[in-house]
Structure formats: C-alpha cells, structure tokens
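Chains as they are written, first to last, in the working numbering: chain E, 375 to 624; chain L, 375 to 624.
No false leads were mixed into what you were given.
A pair holds if it fits inside one copy or across any two, identical chains being indistinguishable in the list.
Cross-link-like lysine-lysine pairs, in silico, DSBU-like; alpha carbons within 35 Å at most:
| hint | residue 1 | residue 2 |
| --- | --- | --- |
| 1 | K504 | K604 |
| 2 | K419 | K621 |
| 3 | K621 | K499 |
| 4 | K439 | K555 |
| 5 | K504 | K621 |
| 6 | K621 | K464 |
| 7 | K507 | K464 |
| 8 | K555 | K604 |
Since the hints were made in silico from the structure, they are not lab data.
2 protein chains.
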Amino acid sequence: MATIKLKSIDTRAPKSADKETYKAEAATLKARIGELQNLMYAESKHALLVVLQGMDASGKDGTIKNVFSAVNPMGCRVIAFKKPTELEMKHDFLWRIHAQVPERGMIHIFNRSHYEDVIIQRIHKWVDEKTIKQRFKHINHFEQLLTETGTVVLKFYLHVSPEEQLKRLQQRLSDETKKWKHNDNDMRERELWNDYMKAYEDAFEHCSENAEWTIVPADQNWYKEYIIAKKIVDALEALNMRFPGLKQPE
Amino acid sequence: MATIKLKSIDTRAPKSADKETYKAEAATLKARIGELQNLMYAESKHALLVVLQGMDASGKDGTIKNVFSAVNPMGCRVIAFKKPTELEMKHDFLWRIHAQVPERGMIHIFNRSHYEDVIIQRIHKWVDEKTIKQRFKHINHFEQLLTETGTVVLKFYLHVSPEEQLKRLQQRLSDETKKWKHNDNDMRERELWNDYMKAYEDAFEHCSENAEWTIVPADQNWYKEYIIAKKIVDALEALNMRFPGLKQPE
Numbered sequence: 375m376a377t378i379k380l381k382s383i384d385t386r387a388p389k390s391a392d393k394e395t396y397k398a399e400a401a402t403l404k405a406r407i408g409e410l411q412n413l414m415y416a417e418s419k420h421a422l423l424v425v426l427q428g429m430d431a432s433g434k435d436g437t438i439k440n441v442f443s444a445v446n447p448m449g450c451r452v453i454a455f456k457k458p459t460e461l462e463m464k465h466d467f468l469w470r471i472h473a474q475v476p477e478r479g480m481i482h483i484f485n486r487s488h489y490e491d492v493i494i495q496r497i498h499k500w501v502d503e504k505t506i507k508q509r510f511k512h513i514n515h516f517e518q519l520l521t522e523t524g525t526v527v528l529k530f531y532l533h534v535s536p537e538e539q540l541k542r543l544q545q546r547l548s549d550e551t552k553k554w555k556h557n558d559n560d561m562r563e564r565e566l567w568n569d570y571m572k573a574y575e576d577a578f579e580h581c582s583e584n585a586e587w588t589i590v591p592a593d594q595n596w597y598k599e600y601i602i603a604k605k606i607v608d609a610l611e612a613l614n615m616r617f618p619g620l621k622q623p624e
Numbered sequence: 375m376a377t378i379k380l381k382s383i384d385t386r387a388p389k390s391a392d393k394e395t396y397k398a399e400a401a402t403l404k405a406r407i408g409e410l411q412n413l414m415y416a417e418s419k420h421a422l423l424v425v426l427q428g429m430d431a432s433g434k435d436g437t438i439k440n441v442f443s444a445v446n447p448m449g450c451r452v453i454a455f456k457k458p459t460e461l462e463m464k465h466d467f468l469w470r471i472h473a474q475v476p477e478r479g480m481i482h483i484f485n486r487s488h489y490e491d492v493i494i495q496r497i498h499k500w501v502d503e504k505t506i507k508q509r510f511k512h513i514n515h516f517e518q519l520l521t522e523t524g525t526v527v528l529k530f531y532l533h534v535s536p537e538e539q540l541k542r543l544q545q546r547l548s549d550e551t552k553k554w555k556h557n558d559n560d561m562r563e564r565e566l567w568n569d570y571m572k573a574y575e576d577a578f579e580h581c582s583e584n585a586e587w588t589i590v591p592a593d594q595n596w597y598k599e600y601i602i603a604k605k606i607v608d609a610l611e612a613l614n615m616r617f618p619g620l621k622q623p624e
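Model the full structure from these sequences, guided by the hints.
Set out below in structure tokens:
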C-alpha cells in the first residue's frame with residue numbers, strides 16, 4: 375500500500391456534491407441497512423464488525439446514532455472501549471477486544487477499538503516501538519481470524535480538520551445538551567494533532583491487509599453518513615444472504 | 375520439525391528409571407511449583423498457561439489434582455473445555471479460548487483446549503481440511519500473541535497406549551468412585567485410535583513454532599507427573615522472577 379498522507383486528503387465533500395441529493399440517498403441506504411441486518415440475523419451465517427476511529431469530536435457517536443437508526447437493537451450492539459481496567463491491563467491488548475466481537479447473525483459497532491493501542495498509547499510513549507510493531511502484526515492476525523471465520527470487518531477513520539474539531543469542541547461548552555461531552559483533556563490532546571496523524575497513517579499502512587480502512591471526509595455529517603452507509607450496504611449486499619426456509623425437525 | 379510418529383515413542387518410563395527416586399523428586403518439584411506460583415502472583419509480570427491434551431483416560435484430571443497439589447487456588451484456575459455451546463459455535467473457534475487465558479500473575483490449566491478443534495472435529499469431518507489448515511495458522515498466531523505478551527505456554531500430550539487406556543476404561547466400570555466418569559462414547563472413540571494419532575501428529579508438526587509440545591509417557595502416573603512437574607519448574611525458574619518491594623504511594 376502506498377503511504378497515505380492524511381493532510382492531502384480532503385475532510386469535506388467534493389465541491390460538486392449536492393447536499394440534498396446525498397441526504398436523500400443516505401436515507402435510502404440507512405433503511406436498507408435495517409433490512410440487511412434483519413436478513414443477517416435470520417440467516418445467521420455472517421457477522422459484521424464496524425470499527426469507528428477518529429479524533430475527539432470527529433463524529434463517532436453521531437455516526438452510530440444516525441447511520442444505524444433503522445437497525446433492530448436485538449441484532450446490533452455498540453461497544454465503547456474506554457481506558458482499560460486493571461484486569462484488562464493484565465491481559466494481552468486483544469483480550470478485551472476479542473471478547474466483544476459479534477457472533478454470526480450480529481452487527482457489533484466498536485466506538486474506538488484495538489487501534490487505540492497503536493495510536494494514543496504510541497503517541498504518549500506508554501509502550502515502546504518494538505511493541506507497536508508486534509501489535510500491528512497481532513492486529514493483522516486477529517483480523518484475519520475474524521474475516522476467515524465469517525465476519526465482515528469494516529474500519530472507518532472519521533477524517534476531520536483541526537479547524538472543524540475546534541469548532542465542535544467549543545460548541546460543547548455552549549450547548550446545554552452537549553456540555554456532558556466536554557473533557558479538558560481533549561484540548562491538550564489536540565496539541566498532538568500531527569503526532570496523531572502520523573500514528574494513524576502508520577496504522578493504515580501496516581494494518582490493511584485483512585480488513586481495509588475507509589478514510590471518511592467527516593467535516594460535514596451528511597457526506598460522512600452517506601459514505602459510511604454506502605460502504606456498509608455494499609459489503610452486506612455482496613454476501614448474497616438469503617432467508618432460510620423452515621427449520622427441519624431435530 | 376521432523377515428522378513425529380507417536381507409535382515409535384514409548385508410553386512408559388525408561389527401564390532404568392527407579393520409581394521411588396522419581397516419586398521423591400516429583401514431590402520436591404510439586405512443592406517448588408507452589409512456591410513459584412506464589413512468586414508469580416506477587417510479581418504479576420508473567421502468566422502461565424498449561425494445556426493438557428490426550429485420549430480419554432490418559433490421566434488429565436489426575437495430573438491437575440497431583441501436579442498442582444501445592445498451588446494456592448487464588449492464583450490458579452482450571453478450565454475444562456467441553457462441547458461448545460450454541461453461542462460459542464457462532465463465534466470463531468478461538469473466541470471461547472481467548473476469553474479464558476490467564477492474566478499476568480496467574481496460572482490457568484486447560485483441560486482440553488483449542489486443539490480439540492483440529493483433532494476431534496477433524497476426525498469426525500465436522501470441518502473440512504481447508505478449515506483445519508487455517509486453524510493451524512490461527513492457533514500459531516494466537517499462541518504467538520500470548521507468548522509475546524508475557525504468557526508462558528506449555529503444552530502436554532499425555533501419551534498412553536491403547537492397552538493401558540482399555541484397562542482404565544474398564545476400571546471405571548468396576549470402581550464405585552469412578553463410575554461417574556464412564557461414557558459409552560469413549561469405547562466408540564477408541565476405535566478411531568489411529569485417526570487420533572495421525573491428527574495429533576499433524577497438530578504437533580504444524581503447531582509447535584511458538585509454544586512447543588511435550589509428549590509425556592503417561593502409562594505410569596509417577597513418571598508422567600515427574601516429567602510435567604519438571605517442565606513447569608524449569609520454565610518458571612527461567613523467568614528469574616523476584617518479589618517486588620514496597621508499593622510506591624500513588
């Protein structure tokens with residue numbers, strides 16, 4: 375894979391893209407995700423793992439709320455990976471991740487993921503570079519295990535500009551419904567922007583062989599949601615799922 | 375690795391081995407395992423995973439009871455892997471295994487393991503040969519993850535002769551304290567002895583690169599226990615563990 379430079383990738387939709395057209399198309403795709411999830415649950419042959427990564431305020435929570443608005447919660451779970459617990463820290467970094475992968479029939483959405491272990495941990499030098507290299511390899515092996523045993527793994531990087539992020543972080547301070555999301559630490563992490571971009575670029579380069587990354591222009595929610603919904607629908611359609619017939623008596 | 379032929383490996387101790395000498399030595403080693411487990415728990419840097427495989431009545435239960443007689447149960451857990459549940463069947467074969475690996479400081483003993491997925495499942499053709507090859511690879515990757523992140527993985531195959539097995543299975547029928555272990559199915563599986571040996575040989579050949587197998591002559595319990603205890607003590611001694619000093623105030 376060629377080296378990706380995030381700086382050279384637009385965080386906004388192409389100028390030619392018409393917002394209303396994309397919004398209408400996204401609405402159709404979201405409804406289709408609901409149908410495909412129902413089919414996946416019924417057939418119970420495949421699973422879907424959606425990994426969402428991105429800087430603070432890049433729109434991960436909103437993506438989950440809006441792109442998956444039509445799914446039945448019975449067949450879809452969201453797992454937010456926070457700071458590891460003491461017990462999790464005593465295990466290999468994939469232990470808590472593997473425990474949360476979807477069984478056949480299910481969609482699981484990871485709000486942050488094992489990629490934090492090669493991004494934030496790397497930037498703050500909580501682990502050494504040799505360990506990071508090992509983790510890239512372990513991640514590839516892990517994703518290969520999942521994909522070879524029936525799980526579709528779709529990884530999305532929500533690509534926002536530092537300007538858009540700043541605007542959103544400031545909005546959190548003035549909007550009563552968003553104040554709970556404010557974290558002083560986000561402003562400090564923001565100063566490490568270039569380190570984050572480098573770490574992400576490296577993760578894309580080293581960890582794409584078994585499950586590809588989609589870099590999603592994420593400054594505009596309507597475009598971001600369209601891109602993600604489209605990718606998911608295309609991946610699920612490609613499975614050619616069918617409703618099973620009547621169960622045979624045992 | 376050269377191809378292993380189980381038929382050419384003795385299931386009994388060498389003629390020269392003196393039973394009483396080995397028993398005394400094994401007693402010393404078992405006590406030492408207790409000390410080393412305590413040290414491992416205190417230091418909390420490493421973990422030990424012991425995998426026990428073998429035919430029915432090869433002595434897995436007895437090994438656990440006797441070799442680990444001196445460990446504090448606080449730092450040691452036994453996990454017996456039985457027929458997978460419906461939920462486990464809907465996940466990759468390593469999902470339930472990974473969930474049970476030891477955290478740093480702990481000894482976990484697997485009474486049967488992920489190797490059943492390339493042994494019994496293969497013999498009965500519940501999975502195809504392509505899947506078996508993939509599983510060998512996934513097992514190697516999984517064991518590499520464990521060993522590179524601080525877990526010592528020791529795998530033991532308890533090597534009994536078909537004659538010794540038959541004797542033990544028959545004893546189960548006449549001993550009041552062992553009747554509960556009898557399973558009609560064991561006699562049927564016995565007829566597949568050669569298939570089992572071939573599947574084990576293949577697993578040894580393909581899955582030894584990250585964690586080696588020890589083939590333990592297991593017709594005589596005193597010799598079997600000595601060999602396993604010795605291997606465990608040697609592996610734990612090699613870690614050069616130290617008791618930590620006083621915790622620093624946070």
